[in-house]
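Those protein sequence lines, which keep their order, are chains A and B.
Oh and the first sequence: position 256 is 263 in the working numbering, straight run, nothing missing.
Oh and the second sequence: position 33 is 40 in the working numbering, straight run, nothing missing.
Just so you know, these hints were derived from the structure itself, not from any lab.
Everything numeric in this text was worked out from a predicted model, so none of it was measured.
Treat the hints with care, since some could be wrong.
In silico lysine-lysine, DSSO-like type, Cα no more than 27 angstroms apart, as pairs [what the hints assert, rightly or not]:
no.: 1; chain 1: A; residue 1: Lys33; chain 2: A; residue 2: Lys205
no.: 2; chain 1: B; residue 1: Lys434; chain 2: B; residue 2: Lys125
no.: 3; chain 1: A; residue 1: Lys205; chain 2: B; residue 2: Lys301
no.: 4; chain 1: A; residue 1: Lys301; chain 2: B; residue 2: Lys205
no.: 5; chain 1: A; residue 1: Lys205; chain 2: B; residue 2: Lys125
no.: 6; chain 1: A; residue 1: Lys205; chain 2: A; residue 2: Lys30
no.: 7; chain 1: B; residue 1: Lys33; chain 2: B; residue 2: Lys301
no.: 8; chain 1: B; residue 1: Lys205; chain 2: B; residue 2: Lys248
no.: 9; chain 1: A; residue 1: Lys248; chain 2: A; residue 2: Lys205
Label pairs and their in silico Cβ distance ranges [unchecked claim]:
no.: 10; chain 1: A; residue 1: Gly164; chain 2: B; residue 2: His56; range: 44 to 54 angstroms
no.: 11; chain 1: A; residue 1: Ser245; chain 2: B; residue 2: Arg388; range: 16 to 26 angstroms
no.: 12; chain 1: B; residue 1: Pro463; chain 2: A; residue 2: Gly164; range: 36 to 46 angstroms
no.: 13; chain 1: B; residue 1: Asp273; chain 2: A; residue 2: Lys248; range: 55 to 65 angstroms
All C-beta atoms, glycine included, are put in the ideal place defined by N, C-alpha and C.
2 protein chains.
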Amino acid sequence: MYLTQGLHRSLQATPNATATIFKDRKRTFAEHGERIARLAGALQGLGVHAGDRVAILSMNSDRYAEYLLAVPWAGAAVNPVNIRWSPAEVAYSLNDSDTHVLLIDDPFVPMAPILLEKAPGLSILIHCGDGATPEGMLSYEDLVAGSDPVGDAYRSGDDLAGVYYTGGTTGFPKGVMLSHTNFMASGLGTIATGELLKVGSILLHAAPMFHLADLAAWCGATILGGTHLMVPFFEPTSVFKAIAEHRPTDVLLVPTMIQILVDHPDSNNYDLSSMARMLYGGSSISEGVLNRTKARLPGMRMTQAYGQTEAAPVITLLLPDDHEGNRMRSGGRAAPHCQVAILDLDGNEVRTGDVGEVCAKGANVMQGYWNNPEQSAQALRGGWLHTGDLGYLDDEGFVYVVDRLKDMIITAGENVYSAEVENALSKHPAVASSAVIGVPDDYYGERVHAVVVLAPGHRATAEELQIFCKELIAGYKVPRSFEFPEALPMSGAGKILKRSLRERYAAAQG
Amino acid sequence: MYLTQGLHRSLQATPNATATIFKDRKRTFAEHGERIARLAGALQGLGVHAGDRVAILSMNSDRYAEYLLAVPWAGAAVNPVNIRWSPAEVAYSLNDSDTHVLLIDDPFVPMAPILLEKAPGLSILIHCGDGATPEGMLSYEDLVAGSDPVGDAYRSGDDLAGVYYTGGTTGFPKGVMLSHTNFMASGLGTIATGELLKVGSILLHAAPMFHLADLAAWCGATILGGTHLMVPFFEPTSVFKAIAEHRPTDVLLVPTMIQILVDHPDSNNYDLSSMARMLYGGSSISEGVLNRTKARLPGMRMTQAYGQTEAAPVITLLLPDDHEGNRMRSGGRAAPHCQVAILDLDGNEVRTGDVGEVCAKGANVMQGYWNNPEQSAQALRGGWLHTGDLGYLDDEGFVYVVDRLKDMIITAGENVYSAEVENALSKHPAVASSAVIGVPDDYYGERVHAVVVLAPGHRATAEELQIFCKELIAGYKVPRSFEFPEALPMSGAGKILKRSLRERYAAAQG
């Protein structure tokens with residue numbers, strides 16, 4: 008299996024159909040394929056060899072879609088950089104992956120001098136924005152225009168497709184090595200449900216394309232010869248306009264984005280009726296948002312995916328017809344390309360309903376972490392990918408994630424899942440957001456500690472919140488100490504950085 | 008990827024759903040899984056080791072479905088034997104594949120002594136019929152009841168899933184080695200079209216299960232946790248009754264079977280309305296049969312698959328909406344899991360519309376022929392599977408197969424596709440069936456020679472048929488000599504054996 012397969016089929020079957028739409032540019036598959044073969048030629052001309060990493064730091068665009076296929080076409084491996092990272096984080100990932108070539112978009116040009124300084128291996132910058140090409144960089148369009156097309160290197164199977172750095176809520180980012188088979192297994196398995204993407208779909212890329220969630224949708228649409236419609240980044244009005252004008256059928260969103268769209272005052276001013284299917288991931292969806300979405304787009308089929316970069320990324324799918332009752336809190340069941348199991352610390356399956364680590368097995372599971380055999384062996388021990396998530400299975404195979412393993416608190420010998428405590432706190436009207444962590448405690452070993460951001464204009468004391476929580480959860484789960492900062496530290500992907508909360512707490516204790 | 012993946016998911020998600028239906032037996036996934044784990048234990052107890060071949064010679068049954076998963080569960084490889092073969096052919100395949108264990112069904116029990124004599128490696132016969140277990144054989148049910156369940160050996164990826172002997176219209180059968188990835192790629196890719204099998208489908212096995220066409224459907228249904236409904240063999244009334252009683256949603260048939268069903272006088276006496284999707288293969292469907300099928304089952308979506316055992320087996324798919332006009336004669340376009348190309352003898356792609364060899368590339372392409380590195384290298388040269396079929400592509404990627412490469416006749420320097428000549432002959436009312444071959448000729452090199460079976464009560468001379476053909480095809484394609492036997496030699500899969508016609512002709516010439 009290989010990522011360029013879908014392009015070859017489209018060139019044969021639908022050369023004149025639309026491959027990409029971005030701003031005022033529309034390109035056919037014939038044009039798309041020609042540009043990819045030329046860009047691949049340019050990369051080879053720049054000294055990119057088989058298996059070399061080629062990075063991109065860019066907003067969504069048609070060139071992003073070209074990059075994703077030109078790199079394997081040239082025989083190399085992609086390295087899509089998180090656009091929310093600091094220069095230090097970007098430089099870390101470029102150094103760690105030994106990447107010499109970076110495609111860089113306009114908003115990130117100011118970052119270039121720092122990257123060149125901090126990532127000494129970086130020798131070639133290709134400017135892929137629509138603005139003027141800065142000095143010292145190569146122009147993407149000049150490279151495409153000035154290079155001869157080359158043949159597909161046909162990287163496939165276990166060949167490295169890319170190194171994808173994960174968020175880093177628990178330390179330095181790790182480079183996840185995914186093969187062509189990893190990607191294609193997840194892509195084929197996900198569309199095999201019949202609930203996502205169809206032959207001839209138009210896929211809207213509104214979530215950032217560097218992220219595995221959007222890349223998974225990209226892979227599925229590419230397999231089926233679909234059209235890629237890009238907006239540079241998620242912004243409600245551009246999304247509405249893109250839908251009304253280009254009538255996409257499929258989209259990948261995170262629940263926050265869905266909520267922003269359906270609750271937007273302009274939502275009813277646009278024709279969104281083309282949307283047939285939506286894949287969402289990152290978290291469960293609240294019943295309120297689901298119902299409002301269904302009311303606004305009654306025909307649309309919604310599927311949740313649960314997974315992680317290490318699983319390329321889909322592990323479970325909550326199919327449209329399973330969106331009901333208690334299952335709304337579930338991530339769904341094992342996808343057609345893999346298996347899921349809940350394992351204890353010894354690697355044995357726990358009983359139905361018992362909490363353990365969510366583990367996955369299948370052709371979608373990563374080759375390992377770049378340059379990190381120890382963590383690779385740890386994550387893949389016993390033939391299972393250990394996700395680091397805690398969860399349980401019900402008796403129909405639905406997976407419920409309760410917490411990150413590292414966020415579980417052991418207090419006086421009892422396991423406390425921070426997510427459950429946060430859920431209780433969230434029901435208090437004064438709580439805007441919260442993070443619950445374990446902090447060292449002489450008596451309890453670890454103590455349940457809550458970091459709470461209050462809603463504007465609201466007040467609440469620690470005692471009030473403790474009394475409130477006691478109504479909802481067991482006494483040992485109720486936070487014994489509190490702090491009330493203005494905001495919580497967030498990762499690039501919008502996740503709360505509990506690690507930095509723990510460090511901050513430790514530092515404050517001196 | 009591994010064939011047992013779907014079973015693991017079903018055991019987790021739908022343990023109480025129906026896995027198999029055969030005669031008066033219905034088994035849940037929990038029962039199905041338990042029996043598979045026990046049969047796997049029995050096989051291991053009988054000395055079956057990792058990678059060993061375990062053969063089956065059986066009509067369709069629930070035990071066939073158990074065998075297909077128990078063998079990989081035990082770590083071994085399947086070898087499903089063609090039920091239409093002579094004892095000599097069966098023995099050849101058992102010897103060639105070095106198979107020691109054979110599951111054997113009631114109708115084939117009389118063949119056992121010959122097999123034991125001609126296949127000296129064969130040491131264990133497991134009787135899998137519903138009759139009494141013959142002396143010297145082990146009872147399938149006793150083995151299942153008397154063995155402890157074992158854990159899945161988790162054969163996967165490039166591990167051998169089975170050796171599948173191909174028909175042998177062109178010589179001795181060859182053992183096609185298919186890996187787990189080969190099978191799963193074809194299965195996932197085929198269902199990824201959204202036109203075949205759904206979550207919860209009930210698949211009717213009416214075509215023989217040893218054949219890759221039915222096994223491909225079996226694989227897809229297994230991936231999606233579907234129910235397998237078996238009839239022992241294709242017979243219209245049992246098929247009608249099974250559909251009316253068990254309401255299957257999907258079926259794999261060959262066009263001849265479709266024609267028999269829709270033209271059957273009892274067709275309207277049964278409720279066939281559950282049939283949602285039909286996959287057919289082996290040949291194109293005539294417009295007449297298609298229209299009659301559509302009239303009888305208006306809601307059913309029909310997809311044609313073109314492929315071969317070596318491609319596990321699907322190469323192209325003609326989707327329901329593409330069943331129109333000229334495309335009805337096409338095998339469709341490259342399936343989501345592979346690529347197709349028409350290559351000339353030097354391995355270069357020919358121009359659109361030009362005839363060459365149909366070739367395929369993808370994770371579905373076999374590992375090679377068992378014990379036959381030379382023919383493997385020949386079939387897989389240049390990174391493409393050479394199908395041995397001649398065909399062309401139109402400008403939208405539809406593949407039209409015109410002939411088998413070995414059946415093409417070169418007469419006075421001109422290429423003649425036997426299929427085209429046979430097609431012309433078939434339009435004459437006196438012609439029941441025909442086979443056109445090239446025979447040695449001093450003047451023409453090869454001469455177009457027709458072997459014609461006349462329809463009962465009809466007469467026609469060579470001269471009449473020549474005059475008739477000249478109205479339809481170019482003069483150099485018209486057969487220069489004829490013979491009129493009572494019948495044509497057929498292979499087990501119902502294909503005309505042109506090789507034996509050529510041999511017969513040569514022998515007759517002395």
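Against the structure, the hints:
Of the supplied pair hints, the one linking Lys33 of chain A and Lys205 of chain A holds, its CA atoms being roughly 21 angstroms apart against a limit of 27 angstroms. In summary, the hint linking Lys434 of chain B to Lys125 of chain B is not supported, as the alpha carbons are separated by about 45 angstroms, beyond the 27 angstroms threshold. Our distance criterion of 27 angstroms between C-alpha atoms is met by Lys205 of chain A and Lys301 of chain B, whose separation comes to about 23 angstroms. In summary, the hint linking Lys301 of chain A to Lys205 of chain B is supported, as the alpha carbons are separated by about 23 angstroms, within the 27 angstroms threshold.
Proposed proximity of Lys205 of chain A and Lys125 of chain B is contradicted: the alpha carbons are some 52 angstroms apart, above 27 angstroms. Distance restraint check for Lys205 of chain A and Lys30 of chain A: the Cα-Cα separation of roughly 24 angstroms lies within the 27 angstroms cut-off, and the hinted pair is therefore satisfied. For the proposed pair Lys33 of chain B and Lys301 of chain B, the alpha carbon gap of about 31 angstroms is over 27 angstroms, so the pair is violated. Among the hinted pairs, Lys205 of chain B with Lys248 of chain B is consistent with the structure: their alpha-carbon atoms are about 23 angstroms apart, no more than 27 angstroms.
Under the criterion of a C-alpha separation no larger than 27 angstroms, the hint pairing Lys248 of chain A with Lys205 of chain A is consistent with the structure, at around 23 angstroms. The hinted range of 44 to 54 angstroms is not satisfied by Gly164 of chain A and His56 of chain B, whose Cβ atoms lie roughly 27 angstroms apart. The supplied range of 16 to 26 angstroms is broken by Ser245 of chain A and Arg388 of chain B, whose beta-carbon atoms lie about 50 angstroms from each other. For the pair Pro463 of chain B and Gly164 of chain A, the supplied restraint of 36 to 46 angstroms is violated, since their beta-carbon distance comes to about 55 angstroms.
Between Asp273 of chain B and Lys248 of chain A, the C-beta spacing of about 58 angstroms keeps the proposed range 55 to 65 angstroms intact.
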